[in-house]
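Could you build all of it, start to finish, from the sequences and the hints given here?
2 protein chains.
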Amino acid sequence: MDGRVYFSLTPRQQQILLAVIQDYVSTGEPVGSRTLSKKYDLGLSPATIRNELADLEEEGLLRQPHTSAGRVPSDTGYRVFVDHLMERRSGLPPEQERLIQEHRHLSRDLPDLMQQTAKLTAVLSGCTAIVRAPRQSASRIKYLQLLAVSESEALLVMITDRGAVTNQLVSLPAPLSPDELTVITNFLNDHLVNQPLDRLTQYAVTKISREMARYERVLDDLYQRVSATQESGERLYTSHTSFLAQQPEFSEAGKVGQLLSLLEQEKALIELLDTFSAPVAEVPEGAVRVSIGTENPLPDLHGCSLVTGTYRLGDQVVGEIGILGPTRMEYATAVRTVEVMTERLSRALNELFGLD
Amino acid sequence: MDGRVYFSLTPRQQQILLAVIQDYVSTGEPVGSRTLSKKYDLGLSPATIRNELADLEEEGLLRQPHTSAGRVPSDTGYRVFVDHLMERRSGLPPEQERLIQEHRHLSRDLPDLMQQTAKLTAVLSGCTAIVRAPRQSASRIKYLQLLAVSESEALLVMITDRGAVTNQLVSLPAPLSPDELTVITNFLNDHLVNQPLDRLTQYAVTKISREMARYERVLDDLYQRVSATQESGERLYTSHTSFLAQQPEFSEAGKVGQLLSLLEQEKALIELLDTFSAPVAEVPEGAVRVSIGTENPLPDLHGCSLVTGTYRLGDQVVGEIGILGPTRMEYATAVRTVEVMTERLSRALNELFGLD
DNA sequence: GTTAGCACTCTCGTTTGGTGAGTGCTAAAA
DNA sequence: TTTTAGCACTCACCAAACGAGAGTGCTAAC
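For the record, the sequence lines run as chains A and B.
Residue 323 in this note's numbering is what sits at position 319 of the first sequence, and the numbering runs on without skipping anything.
Residue 145 in this note's numbering is what sits at position 141 of the second sequence, and the numbering runs on without skipping anything.
The hints are all genuine.
No copy is singled out in the list; a pair is fine if it fits within one copy or between any two copies.
Straight-line distance between alpha carbons at most 25 Å, and here's what the computed DMTMM-like set of lysine to aspartate or glutamate pairs gives: (1) Lys271 with Glu106; (2) Lys146 with Glu157; (3) Lys123 with Glu275; (4) Lys123 with Glu238; (5) Lys123 with Glu343; (6) Lys271 with Asp202; (7) Lys211 with Glu184; (8) Lys123 with Glu334; (9) Lys123 with Glu270.
Source of the hints: derived by calculation from the structure; they are not laboratory data.
Since we're looking at a predicted model, the values are computed, not measured.
In C-alpha cells, the structure reads:
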C-alpha cells in the first residue's frame, strides 16, 4: 500500500480502467481491447485502447496473466478504483433495501442479533461476512443478580453496559436460603456494579470474599464466571463461508481449505480485525476501510479483499463488521453494505442497551 | 442399503477386504494386488490375491475406478466393514484420551458447551462435527423471573428443564414498580412453570393476560419471547468444516462449495439428523449409526459418510452428535469418538440440569 | 489350491501441432 | 498530433499421439 501514490490519469484512462474493472469483476475473464471497444462505448478503436492499456499496465494498475491474454486489474488498480473512481452512492439498490425490510425484526438476544447481522451482511454483499461481538474489556457491570433455582443451584445473571448478558448456573457448596442469596447479591452489587470488567482483579475479589468469609467458595466460583464473560464476549460470528469457497479463483487444490481453516481460527481473525479498528492517519475515523489483496497482513488472504467498518455503542467503538471476498469483488456494494449494516447494528445496540 | 444383505466371506476374503480398506483409507490411492501382498503379510502371492479381489468385486464390495487401476472399497464394502469387520474397541487411543483430559473443564453455559463439544469431536475424529443443541419442544419451564434492570426495561430470565436459559430484555410500556414486577413474576410462575413449552399456546396466554388485563402489553411481549426459545434451542453447532474442504476427493470444482452451503442450511441438517434419532428396527436403541455414501438421503452427501449418536437428558433423547467425512474415513475412530462424546455430553448435561 | 508368466488395458505425463485471442509495432489516415 | 488499420508475433488451450508404468485377467505349470 506504500503510502497512496497519486496517479495522474487522463479522464480517458480512468474511463478505461473503470471499464476493465467492471468487466473483469462481472465475468472473471481477462478483458481485451476488442471487448472493451465493443461492449463499452468509449468511441475508440481497439488499437487506441491497446495503447492506453499498455500505459495503464506501465503504471502498475493492470496486469497481464500472460502475453496475449487480456488485462486484469492489479491490487494497485483496485486501490485506485476504490479510492478515486468508485461511485460512492450511499444507500442500497431497492432490491436489497427490500431484503433489509424483510429482516426488520431484530432479535433482542445478543448472540442472535450478531448472527442475524452476519447473515444479512453476507446475503446483501454476496460475500462471506464476519461480525465481532461487542468488546467487553472496558465494559462495566450494570446489573448483577443471584437467583435461587433449586436447593443446590443458583443462577448468576449479569448484564454489562455493552449488552453482554451472562447467565450461568452456580452450584452451591451448601444450601443457601433465599435471604442469604439476597445478602450476597446486595453485597456484590454494592462492590461490583459500575466496575469495569477488566479491572476486576482477583485481588479485589479476594478482598470481598474476606469480608464475606462465610461465602468464600461461592464467591470464588462467581468470580471465575464473571471474568469469563470478558473473553466470551470476544466471539466472532461468520456467515456464508460457502460464498468464498464457490469463487472460481480459489478452486485450486488446497486454497479453500486454507481459507476456511483461517476463518476457524478466531484468534487470528480477531487480531486482524483489531488492526482495522485502530485509528490511522490516512483514514477518517469511522469510515469503512478496504484492504486489497497483498495489502492484507496474512499471506493466506493475498487473493482476498476485506471490507471493514466499526459499530458503536454510545460514542465508543465496540466491534467490527467485515466482508471477505476475492479481490475481484463488488467493492461498491461491499462498502455500502458495511455502511448500512454498521449503522443498523449501532442503532439496534443503542436502542437495546443504550446508556440510560 | 436394501436390508443388510449377508455376505458369506471366507476368512481370507475378510482379511483381504480389511486390508484394502485400511490401505485405501490411509493412502487415498486405489490399492493393487502387489501392494497388498507386500505390505500386509497375507502369505499370498499377488496372483492369488487378484483372484480373491475379482471375487470381492463380483460381490459388489470393491470397485475398480478403471481397468488396470487397483481396487477401491464400494459403499457396500464399507457397510460390511462397519457392520461385521471393524474392530469395536471401546475407548480411545491414549493420545486422544489426553486431549479429552485437557478439555476436562466443561463450560456451564449451554451454547459454549455445545461449541466445545463440536470442536473436540472434530479434532478427535479429524472430521467435521455437527452437534445439535437439546431439543426444547417438549421441555418444560422450570424457572421464570422478571428482573427490573432500569425504569423502562426488565430482564426476562427463563430456564427449561432441558437446560435452555433464555434471557431477553423486555421494554416496559410504562414504568413498573419492583412490586408490580414481582406480582407478574409470581403470577407467571403459578401459571407457566412446569408447562411444556410446545403446549404454551397463544390461547393460554391470552387467558392469562385477560386475568391480568393491566399488564396485557407486557405479557404479550413476554409470550413472544418465551415461545421463541423453542426454535432458538434447535440450533446447530458445526466445527472444522475446513477438514471436509481439505479432502482431496472434494477438490473438484464446485464440490466444496456445495457441501459447505449444505452445512449452512440449518433446516436441511436438522431434518437429516431427525432421521438418525428416530428409532429403527435394525439398530439397537442408543447405538451409534453410520450412513455411508449413497445411503445418505441427500444427494450432495453421496461422497460422504455420516456417523451419528444421540445424547440424553434423563431418559430422553434430546439431541445428536454427528461426524461428517468422506466415505473414505476412519470409521472405527469416528464411531468411538461419537460414543465417547455423546456419553460425555449426556453426563455433563445431567450434571448441569439434571432433574432434582 | 497356488503361483509364475504373459498379453492386455487403461491412466497419466509428455510432446506436438494447430487454432484463436490478444498483443505490440509501424505506417497511413484524420 | 492523435487515431486507426494492418500485420507479425506470442502464448494459452485443445486434441491427438505416444511411451511408460501400474495393474489386471487368463492360462498353464507347480
